[in-house]
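Just so it is clear: in the sequence shown, position 96 is 96 by the numbering used here, and no numbers are missing.
Misleading hints may appear alongside valid ones.
[Unchecked claim] Quick list of the computed label-pair ranges, beta carbon to beta carbon:
1) 36 <-> 70: 15 to 23 angstroms
2) 82 <-> 56: 27 to 35 angstroms
3) 85 <-> 27: 22 to 30 angstroms
4) 33 <-> 58: 38 to 46 angstroms
5) 58 <-> 88: 15 to 23 angstroms
6) 34 <-> 86: 13 to 21 angstroms
7) 83 <-> 48: 20 to 28 angstroms
8) 73 <-> 32: 19 to 27 angstroms
9) 28 <-> 52: 28 to 36 angstroms
10) 77 <-> 50: 28 to 36 angstroms
11) 81 <-> 58: 30 to 38 angstroms
No lab work stands behind these hints, which were simulated from the structure alone. Yeah, the Cβ is synthetic: ideal placement off N, Cα and C, and Gly gets one too.
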Amino acid sequence: MNTFYRVLSFDGQTFTDDGNLVQSNLDLSLLPKNRAAAIPEPFTFAERHTSKGFKTKEDFTINLAKMLRTEIDSLVESGFELIQLLGPSIAYNNEVD
Numbered sequence: 001m002n003t004f005y006r007v008l009s010f011d012g013q014t015f016t017d018d019g020n021l022v023q024s025n026l027d028l029s030l031l032p033k034n035r036a037a038a039i040p041e042p043f044t045f046a047e048r049h050t051s052k053g054f055k056t057k058e059d060f061t062i063n064l065a066k067m068l069r070t071e072i073d074s075l076v077e078s079g080f081e082l083i084q085l086l087g088p089s090i091a092y093n094n095e096v097d
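Could you put together the complete structure from these sequences and hints?
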């Protein structure tokens, strides 16, 4: 499942599914025992979102970070040994020296 370049849109002020978003799209029985996941960090998603339910990009990012934390905890509980946060959006950030 490629989530890196999808445009996100959420209708509400908060979003959570109790940490089942990733797992609901995977058949864990087909994965090797040493499981790893690479997930874009919240800023990458925030750069692409189209949600109107958040006043600022920062509000969206904070809510998304909380949701990602729940997802990561759920993956670890399911046997994932490595969770890597990737930051492809940093390459497009004009504020970074």
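Here is how each hint holds up against the structure:
1. 36 <-> 70: 15 to 23 angstroms: holds (19 angstroms)
2. 82 <-> 56: 27 to 35 angstroms: The hint (27 to 35 angstroms, Cβ to Cβ) holds, given that residue 82 and residue 56 are roughly 32 angstroms apart.
3. 85 <-> 27: 22 to 30 angstroms: For residue 85 and residue 27 the Cβ distance comes to about 24 angstroms; the hint holds.
4. 33 <-> 58: 38 to 46 angstroms: holds (39 angstroms)
5. 58 <-> 88: 15 to 23 angstroms: holds (20 angstroms)
6. 34 <-> 86: 13 to 21 angstroms: holds (19 angstroms)
7. 83 <-> 48: 20 to 28 angstroms: holds (21 angstroms)
8. 73 <-> 32: 19 to 27 angstroms: The hint (19 to 27 angstroms, Cβ to Cβ) holds, given that residue 73 and residue 32 are roughly 21 angstroms apart.
9. 28 <-> 52: 28 to 36 angstroms: holds (35 angstroms)
10. 77 <-> 50: 28 to 36 angstroms: Because 31 angstroms falls inside the window, the suggested range holds.
11. 81 <-> 58: 30 to 38 angstroms: holds (32 angstroms)
Violation of the numbered hints given earlier is absent; every hint is satisfied by the structure.
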